[in-house]
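Undergrad: So the sequences go chain by chain: A and B.
The first sequence begins at 1197 in the numbering used here and counts up by one.
The second sequence begins at 1197 in the numbering used here and counts up by one.
Certain hints may be false.
Heads up, the list lumps identical chains together, so a pair's fine if it works in one copy or across two of them.
Each computed DSSO-like pair below joins lysine-lysine, with the alpha-carbon atoms no more than 27 Å apart [said to hold, decoys possible]:
#1 K1379 <-> K1310
#2 K1416 <-> K1438
#3 K1379 <-> K1233
#4 K1285 <-> K1255
#5 K1416 <-> K1335
#6 K1255 <-> K1335
#7 K1266 <-> K1322
#8 K1416 <-> K1310
#9 K1379 <-> K1266
#10 K1444 <-> K1335
#11 K1266 <-> K1233
#12 K1335 <-> K1438
#13 K1310 <-> K1438
#14 K1255 <-> K1438
#15 K1260 <-> K1322
#16 K1247 <-> K1322
#17 K1322 <-> K1285
#18 K1416 <-> K1266
#19 K1438 <-> K1322
#20 K1247 <-> K1285
#21 K1266 <-> K1438
#22 K1335 <-> K1260
#23 K1438 <-> K1247
#24 K1266 <-> K1247
These are calculated hints, taken from the structure and not from any lab test.
Quick caveat: nothing in here was measured; it's all calculated off a predicted structure.
2 protein chains.
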Amino acid sequence: MNASIITVNPTFKHCHIKPMASSTTLFLTIFSKHGYKISYFLNLFIGLIRKIINLIEKKIKDMKQSIGAKTLAFPTPTWVVGTYDMNGKPNAMTVAWAGICCSNPPCVTVSLRKATYSYAGIMENKAFTVNIPSEDYVKEADYFGIASGRDENKFEAACLTPIRSELVPAPYVGEFPVVLECKLLHSLEVGLHTMFVGEIVDIKAEESVLDESGNPDIEKIRPIIYSPGSRSYYGIGCDLGKAFSVGKEC
Amino acid sequence: MNASIITVNPTFKHCHIKPMASSTTLFLTIFSKHGYKISYFLNLFIGLIRKIINLIEKKIKDMKQSIGAKTLAFPTPTWVVGTYDMNGKPNAMTVAWAGICCSNPPCVTVSLRKATYSYAGIMENKAFTVNIPSEDYVKEADYFGIASGRDENKFEAACLTPIRSELVPAPYVGEFPVVLECKLLHSLEVGLHTMFVGEIVDIKAEESVLDESGNPDIEKIRPIIYSPGSRSYYGIGCDLGKAFSVGKEC
């Protein structure tokens, strides 16, 4: 084997060729009689395969375009964060920069700009709710992302009911099928947004969206997906299979 | 107005009754002749309305069941985190505890348990990629969440191509339509999971999934949604409308 080929092309440190190199050794031991010739042709063959792999990798790479450093990841959620302001007025704000971040304790993150009215509400009460709207409430969810609680009572304007959580000082949206009651665990200044980590102390869900085992069923909830870039909302599509299962066929 | 009614029921601090109270005053001024009688009937009427609102709120509240402190939020993404191990072997792991967390700098979070092989890869290289599979790769994505890079080369097993990012020391999945190249900005120990905040230094996307303005189009990407609880994968459904727009009709 020509060692210089390996060193000049670090890509191959992890490629399919390595096991073939040990096969080469085995091959040479068995057919030691014509060792020199076999080694020559094998090296030629390996070199060719490497070139083909290189070309394929380059082709795959070339198919991708750089589109810059943007917040374009798919899917993102459409969640409504419920808070009280310093006067106890209920407020709600829609976020898409959010997600689950820990299984134990169960935690979610929601990221808000400091300028928002809800930011002050979370800082004031060290608590918030995450309200998951169904498709039926897409207009209300969008409204919560447009208006500011500084100027109006958004619950009244959207004709939705703020229910005071009994576990955390934050209101939840009575009409939404699933709500998470969260107490503030961490806050991290990332940049334009502050990321709040909330520990989920309880989840309240409408009976109508529960499955047989008592867990919320995504097909009954019909949550809203937010698509950054096009700034559009989408529903849930087809069932693609069970996790920790379909991959076994891989 | 009976002031005691207001104080014993703080719920009404923000309800629709307030404007009615000022209307009552106006009404009483105009019809001062029969002020006492009108005031009596109006208070009776307001009390009745309050009772009805109370009953409606209680009904809404009662419709919800407590299902405990769980990580049940919808939707969550299906993203594959790409890393190199300490020997430079490419590795990939599927995560659903993830999301965008900041617009500027553009950042994402991915949460991993310390026990995972990818955890060590991120700590080693202070970088990772977020790879967004299309529906076509649901089996491969699931496989990346089942197997461990400690035991095998998952890229080889899944017949997918690890491409070395030119911007961060991490590989991305050549076949997936959109990939985010991230350098580690923060790590936060939340509990069972460690949350990594990665700054998106670039996004690579296949030409075939770009829209007219050059941004990735969710309908062309066809990303995978993960549903906790049922542990199922779903596709993207119907377009529900434009964000910062449909809410104006609210």
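Undergrad: State for each hint whether it applies.
TA: Comparing the hints with the structure gives:
1. K1379 <-> K1310: both (19 Å within a copy, 24 Å between copies)
2. K1416 <-> K1438: both (17 Å within a copy, 23 Å between copies)
3. K1379 <-> K1233: For K1379 and K1233, the Cα distance exceeds 27 Å both inside one copy (73 Å) and across copies (48 Å).
4. K1285 <-> K1255: Between copies only: 22 Å across, 57 Å inside.
5. K1416 <-> K1335: Result: close both inside a copy and across copies, 19 Å intra and 25 Å inter.
6. K1255 <-> K1335: between (44 Å within a copy, 24 Å between copies)
7. K1266 <-> K1322: between (30 Å within a copy, 20 Å between copies)
8. K1416 <-> K1310: Classified as neither: same-chain Cα gap 35 Å, cross-chain 34 Å, threshold 27 Å.
9. K1379 <-> K1266: Classified as between; 14 Å across copies, 30 Å inside a copy.
10. K1444 <-> K1335: between (41 Å within a copy, 8 Å between copies)
11. K1266 <-> K1233: neither (55 Å within a copy, 66 Å between copies)
12. K1335 <-> K1438: Answer is between: at 10 Å across copies they meet the 27 Å cutoff, but 31 Å inside does not.
13. K1310 <-> K1438: between (40 Å within a copy, 25 Å between copies)
14. K1255 <-> K1438: Classified as neither; 33 Å inside a copy, 36 Å across copies.
15. K1260 <-> K1322: between (43 Å within a copy, 24 Å between copies)
16. K1247 <-> K1322: neither (59 Å within a copy, 31 Å between copies)
17. K1322 <-> K1285: Answer is within: at 15 Å inside a copy they meet the 27 Å cutoff, but 43 Å across does not.
18. K1416 <-> K1266: Only across copies: K1416 and K1266 sit 18 Å apart there, 33 Å inside one copy, limit 27 Å.
19. K1438 <-> K1322: neither (37 Å within a copy, 32 Å between copies)
20. K1247 <-> K1285: Between copies, since 20 Å is at most 27 Å while 67 Å is not.
21. K1266 <-> K1438: between (31 Å within a copy, 20 Å between copies)
22. K1335 <-> K1260: between (36 Å within a copy, 22 Å between copies)
23. K1438 <-> K1247: Result: close neither inside a copy nor across copies, 39 Å intra and 47 Å inter.
24. K1266 <-> K1247: neither (34 Å within a copy, 51 Å between copies)
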